[in-house]
Every structure is written in structure tokens, then in C-alpha cells.
Amino acid sequence: MKVAIFIPCYVDQFYPQVGIATLELLEKLGVSVSYPENQTCCGQPMANAGFEHLSTECNDLFVNNFTAFDHIVSPSGSCVLHIKDHLHSVQYEKDALHIRSNVFELTEFLTDVLKVSDIKSRFRHKVGFHQSCHGQRGLGLSQMSELVAPGFSKPEQLLRMVEGLELISLDRKDECCGFGGTFSVSEEAVSVKMGKDRVADHLKYGAEYITASDMSCLMHLEGILKRQKSSTKVIHIAEILNTVK
Amino acid sequence: MAESLSGSSGSDHATLATRFNKDESRVDWHDETLWFIRKKRDKAAWQIDEGEQLGETASQIKNNVLGNLYEYLLQFEENARANGIHVHWASTPEDHNKLVHEIIAKAHISRVVKSKSMLTEECHLNEYLESKGIEVIDTDLGERIVQLAGEPPSHIVLPCIHWKKEEIGDLFSRHLGTPEGNSDPQFLTTAARLHLRRHCMSSKLAITGVNFAVAETGEIVVCTSEGNADLEVQLADVHIACMGIEKIIPQRKHLGVFLRLLARSATGQPITTYSSHFRRPRSGQEMHIILVDNGRSERLGSNDFRNALKCIRCGACMNTCPVYRRSGGHSYHYAIAGPIGAILAPGLDMKQHADLPFASTLCGSCSNVCPVKIDIHDQLYKWRQVLTKNDHVSETKKSGMRAMAMVLSRPRLYAFAGGATRWLMKYLPFVISNGLNPWYKQREMPMAPKQTFSEWYLQKKKSK
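Protein chains in written order, with the working numbering: chain L, 9 to 253; chain X, 4 to 467.
Hints in this document: simulated from the structure, not taken from any laboratory. Beta carbons: idealized from backbone N, C-alpha and C, even for Gly. Heads up, some of the hints might be wrong.
[Claimed, not checked] Capping the alpha-carbon separation at 30 Å, the derived lysine-lysine pairs in DSSO-like fashion look like this: (1) L:LYS92 / L:LYS134; (2) X:LYS25 / L:LYS92; (3) X:LYS453 / L:LYS102; (4) L:LYS241 / X:LYS444; (5) L:LYS212 / X:LYS43; (6) L:LYS92 / X:LYS444; (7) X:LYS25 / L:LYS212; (8) X:LYS167 / X:LYS46; (9) L:LYS10 / L:LYS36; (10) X:LYS453 / L:LYS36; (11) X:LYS42 / L:LYS181; (12) L:LYS123 / L:LYS92; (13) L:LYS134 / X:LYS401; (14) X:LYS453 / X:LYS463.
[Claimed, not checked] Covered stretches of chain X (chain L as the covering partner; in silico rule of three or more C-beta atoms under 8 Å from a C-beta of chain L): (15) 24 to 30; (16) 178 to 187; (17) 323 to 336; (18) 362 to 372; (19) 391 to 398; (20) 449 to 458.
[Stated by the list, open to error] Negatives, chain L to chain X, calculated, CB over 12 Å: (21) LEU37; (22) TYR100; (23) HIS106; (24) ARG108; (25) SER125; (26) GLU171.
When you get a sec, could you build the whole thing from the sequences and use the hints?
Here's what the structure looks like:
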């Protein structure tokens, strides 16, 4: 099984510890992981802003970097969804299709491919789990509150394996945090209000940490928490799962 | 009213939403009010076992309608005419408004009553008729409230959801003569009832919308909470029903699907209080139906945007939308607000509504609650591409995106540029962390780490 990790651009630049945790976690679980060194971005920042047509070269680069692998794993539901839905290449469409069909968000890779039933980690804190929309509604990592269907959650399934971790419940378990890429600056007022409301829900139930499978949501929530001088911190789910027992 | 609807004041969604957010406690109240309705909708959805199946059936019926619209429309026209109804066709809002006015003028009437109709909002019928000296009284309570206030509705099902009862008390004391300071809902609705009944009883012409038009029988169905459409129509000599051409359903039995879905999705009720069937004019009455296109047939030809025509106007996508709840209906500066409005409006006027598809985080909750399974958030994404390709985008954004695309497709340049950005953030935080950066206004910037992940990885590899 040839596995490559895709570390999204903003994680590479601002949250290297999330990439490190992802790599270490997979290695601990016995996976031999490659990191194609020429990788940059999934192209979503351009595409969601309406500039999908400018992401051609970025897409080709992505295809070239990852086509040789059986599985591509990334600690971001949003980037993975973008690849799954929008990675195309005029030149290498067959390779693009291979990648679209074999790209996984980290937690679903753990639960569905590796079928992890035991995680050797300890995290003695009250943790609120933020459902990032693209992972949840796009990739189906967790059941959605809008649907009449039995509940499940792949990330929460993993968090429940962590020793000492107390998962809090929220008033609105799957409301968007308001990050939304360029939305966070072009619609600053609504974006911040959405983020403040999410943070308040977690704080109401005593979260010491807010975790998620997308660092972009957490970057936005962290910005708000820090401005409020809150002691509550954000942490990517890979970091929790990689905490040494 | 026309100005605030058309957005000709030059304000886009972000600007109007920023204004709405000046009063945070009001935003909280607005959000909670609509979230309460979303929760009612969830409860109603869970109460029937076949909820998801019902939605799938509705979606398939609508697909069938859109695939055979031409035949169904002709069938409807033929059957309606056989029932003694005058059927008219209008391709534009202007045609529609003229037709309505001609019918009113022929009857020598100067005041008409009108029940809820989003189509007439879309066509700006009230403004048109008022410019011709005809007074229009909206008989839906919520619509009457916003009409008295000189505003357009802020929600398609709950037109005055942005108004508090105390404010309605003040409005009524000014317009209906209720005692100042009385905001008791029971008292105010009774006052409104007397006021609206008086108008219904004295009006010779009634305008209604149409929720469903049954091709098989040539009848229309109008759903109201207050029974105002029945009252209007039964008391009037002339009835004009206005509908978009997509309101057709093939057979009467299909109402069993749609009537069960409409109110459940809209307000969480099992069925709308009044589902009124109008099949033929009563003896001595004149009945007209105006079928309006206004861009619908063009959208029918678009693979990407066709299925927005399945919309039954339940408003569920607005109630669930975290952006709508925190920006208010008027921030969308179009007759139909929220996610569905944001995919319908650019189809009518790309330039004027270029901002709306960007007023979303693409969270996807709208598509999940849609009872007829419209891929709303995917269409928002697709509209963004269309708008950009048609150059409805600022030069700043264009050049920024070009630069970003260039960096992200060149790994070495990316490694260099990323380093520079982090260096700036570390040593010159004021360069980025200032008031001009919308991120920093209410949020801290992420901390610049010593090393990127790729730098760490290369170092690790070397040391091995």
C-alpha cells in the first residue's frame, strides 16, 4: 500500500505541527508514508472564489505529485472534498480520476481503510468537536442534523478511543463556523459573528480545547478565541490522536 | 421600496450585512428566531417515517415536470380554459404587470387586495400598480406589516420575521390607530384582522399567487396560513392568479406529496392551514391566470442551473442558512432572499446580483434541507465561476487570484513566497495585523512558526 500525505498549503505554512502529527500518527499505525516534496495546494482558494479556470496548472501539479500512490491522505476534509469534486486535468484526466477516487481525509482513512479500533493516546481534557462542513456534508464523515437518518461520526468514533478525553455536547452540533475561505474577509462581519457564536457554544459547555478535522475552521476560531483572551485553545484532531500515552 | 429591493443604492450583501451586524443582540434574536423554525422543521421531518422518500418523490415529479414542461403547460391551459378561466402568457415582468393592470382598468377598480405571491414581488407589481394610481392592499398579515412599513418582505414565508412585536405595535398605532404601547400579539392580530377583513369585503378584485397548478384538471392551489386568499377570492368579482411557469404539477394526486412537504419544510407544521383549490370561477365571477416566464425558459435550457426551477418556495434553506440568519433577508437586495435567492437572482441580472453567490460559506446545509433536492450550494459554486468568467469581479480580486494561482503552481516560488509571508508576520506584525486587514479587525492572526512542514520534513530526511 503506497500512501502519500497531502499537507494543505496553509497547514504547511502556519500549522506545521498538524502535518507532523499526521505523519507520525500514520507511521505509528504502521503505514509507510511518502511526502511528495513539490506539493503546494489543492486549488480551492482560487476555485471557490470563482477562478476555477486559473487552477489548471495547480491541478496538473497536484496530479503529477500524487498519481503514483494507492492512497492520498490529508488532514483536511475541505481540501479533500475539493480534490474529490473538482480535480480535473486535460492532459492527465485518467490520473486525476485515480486521485479523485483514492483521496481520503485523515479520520476516514483511519476508520475505513486502516479500520483502527484502538488508539494509544491520552488527552485528559474537555474537548468540543467542531464538525467542519465540507468533511461532514461533503465527505459524509458524520451524519448531518438536517437528515432523518441514524447518527454516526467517524472523527468522534476516534476521539472516544482517546484515554481521558471528555467530549462535550453542543447546542448546535453541526453549524458552520463562518470561515468559508475568502468569505472570511469579504464577508467579515457575518464570518466573525458566525465564529463568535460557535465559540460561545463550546465555551458554554466548558471546552478546554476545540478540535476539528480542518485547521482552516480552527484558524478562524483561534483568531476569535485569542482576541477574546480566552484560555480555550484549538487543536487539530491529528494532534490529539498523536498524543503519546 | 423599489430602491431597497433593486439594490440600486449601490450596497452589496457584505455592506448590508455589516450594517445588520451593528446591533449584535438583534442579530442574536434574529438567528434564534429562525433557528427555532429550523428545529421545528427537524421535528416535523422526524415525525414521518417516509420523510426522505417523500422528498425524493417530490424531486422526481419536479424533474418530470421540467422535462415535459411544454406539454404540461399546454395541457393546463386547455383544461383551465375549459373550466372558464382566462389564461394569459407573459414573458417579462413588464408584460405581466401590464396584463394585471389591463384587467383592473377594464373593471374600473382603483383598489385591489392581494394575497401572498412571490411572483408579484419578483415583478414589482405593487410599485407598478401604484404608479398607475391603483392601491394594493396585501392581505397576508406579515406582508401587510412590511407594506405599511414601506419595506419589501425579508423572507418568502415569514415576510416580517425581522420585526419585533413592540415595533409592530408602534407601526399599528401609527397606521391602524391601535393604542400606543400595546404590543400584545393577540390584540394586534385582532386589529389586523378587522383592518384586513374590511378591505377584503369591499374589494371587487382579488389577486393571489399560485403554489401548484394541476395540468390534469386546470385548477390552481393556493396555500395560506390565514385563509386570506379564500376570503379575498370568494368576495371579489374578479380573481387574478399570478404564477411562474414552473409551478405546474402533472396530476392532482401529486398534491399528496407536495402539500405534505411544503408546510413541514417551511414551518414544521404537518400541512398548511388553508390549501385552497380554485378550479373555475363561481357564477358571475371572472377568473384570470397569468403564466409568467421571466427567464425561466432560459434556465430550463441550462444543465447547471435548471433544477433551481424545482423550488416550491418553502424557505427551509433560509431558516437553516447560518449566513441568512446573521445578515437578514434585506441584505440580499432581491425579492427572494437566502441561498435560493442567491442562485435565482443572478439568472435574471448577473451584474446586479453578482455579489449574492459569494454570500455563502458553501456549508451545504441548504441543499440538505431542500425538500425537492435542489443542489443549492453546488449551484452557488457554479455561479461564482460564471460570474468571474463574465467579468463581474473586481480588478483587485482578479490580480490577487492570478498571483496566487501562479505561486501555487510553482513549488519553488511557493516555498520562497511562503517564507517571505511568515517572515513579515514574525518581524513586522503591524504590516499585516492592522485595521485595514479585515481578518485582523475582530480576529488575531495565526502565529508564524519557525519552520514550515516541508522545511521540517526535509531537515528530518537529511538527518536520517
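Structure-based check of all given hints:
1. The hinted pair formed by LYS92 (chain L) and LYS134 (chain L) fails the criterion: a straight-line CA distance of about 33 Å is larger than 30 Å.
2. About 39 Å separates the Cα atoms of LYS25 (chain X) and LYS92 (chain L), which puts this hinted pair outside 30 Å; it is violated.
3. The suggested pairing of LYS453 (chain X) with LYS102 (chain L) is violated, with an alpha-carbon distance near 39 Å, which exceeds 30 Å.
4. Between the alpha carbons of LYS241 (chain L) and LYS444 (chain X) the distance comes to roughly 20 Å, so the proposed pair stays at or under 30 Å and holds.
5. At roughly 23 Å between alpha-carbon atoms, LYS212 (chain L) and LYS43 (chain X) fall within 30 Å of each other, so this suggested pair holds.
6. A C-alpha spacing of about 34 Å is found between LYS92 (chain L) and LYS444 (chain X), which places the hinted pair above 30 Å, so the restraint is violated.
7. Only pairs whose Cα atoms come within 30 Å are accepted, and LYS25 (chain X) paired with LYS212 (chain L) is accepted, the gap being roughly 24 Å.
8. The hinted pair formed by LYS167 (chain X) and LYS46 (chain X) meets the criterion: a straight-line CA distance of about 25 Å does not exceed 30 Å.
9. Of the supplied pair hints, the one linking LYS10 (chain L) and LYS36 (chain L) holds, its CA atoms being roughly 16 Å apart against a limit of 30 Å.
10. Between the alpha carbons of LYS453 (chain X) and LYS36 (chain L) the distance comes to roughly 25 Å, so the proposed pair stays at or under 30 Å and holds.
11. As the CA atoms of LYS42 (chain X) and LYS181 (chain L) are separated by approximately 12 Å, the hinted pair is consistent with the 30 Å bound.
12. The straight-line distance between the Cα atoms of LYS123 (chain L) and LYS92 (chain L) is roughly 21 Å, inside the 30 Å bound, and the hint therefore holds.
13. For a cut-off of 30 Å, the pair hint linking LYS134 (chain L) to LYS401 (chain X) is broken: about 44 Å separates their Cα positions.
14. Restraint check for LYS453 (chain X) and LYS463 (chain X): satisfied, since their Cα atoms lie roughly 15 Å apart, inside the 30 Å limit.
15. Note: the segment 24 to 30 of chain X has 3 residues with beta-carbon separation from chain L under 8 Å; the three-residue rule is met and the coverage holds.
16. Counting residues of the segment 178 to 187 of chain X whose beta carbon lies closer than 8 Å to any beta carbon of chain L gives 0, which falls below the threshold of three, so the coverage claim is violated.
17. Counting residues of the segment 323 to 336 of chain X whose C-beta sits closer than 8 Å to any C-beta of chain L gives 5, which meets the bar of three, so the coverage hint holds.
18. For the segment 362 to 372 of chain X, the stated coverage by chain L holds: 10 residues have a C-beta nearer than 8 Å to a C-beta of that chain, and at least 3 were required.
19. Look at the segment 391 to 398 of chain X against chain L: 3 of its residues bring a Cβ nearer than 8 Å to a Cβ of that chain, three or more, so the hint holds.
20. Counting residues of the segment 449 to 458 of chain X whose beta-carbon sits less than 8 Å from any beta-carbon of chain L gives 9, enough to reach three: the coverage restraint holds.
21. Distance check on LEU37 (chain L): its Cβ is at least 19 Å (rounded) from any Cβ of chain X, clearing the 12 Å threshold; non-interface status holds.
22. Every C-beta of chain X lies more than 12 Å from that of TYR100 (chain L), the closest at about 14 Å, which supports listing it as non-interface.
23. Against chain X, the non-interface label of HIS106 (chain L) holds: every CB pair exceeds 12 Å, the least being about 20 Å.
24. Consistency note on ARG108 (chain L): stated as away from chain X, and its beta-carbon is indeed over 12 Å from all of that chain's, at 16 Å minimum.
25. No beta-carbon of chain X comes within 12 Å of the beta-carbon of SER125 (chain L); the shortest separation is about 29 Å.
26. Here GLU171 (chain L) stays apart from chain X, with its beta-carbon at least about 27 Å from theirs, past the 12 Å limit.
Violation of the numbered hints given earlier is confined to hints 1, 2, 3, 6, 13, 16; the remaining hints are satisfied by the structure.
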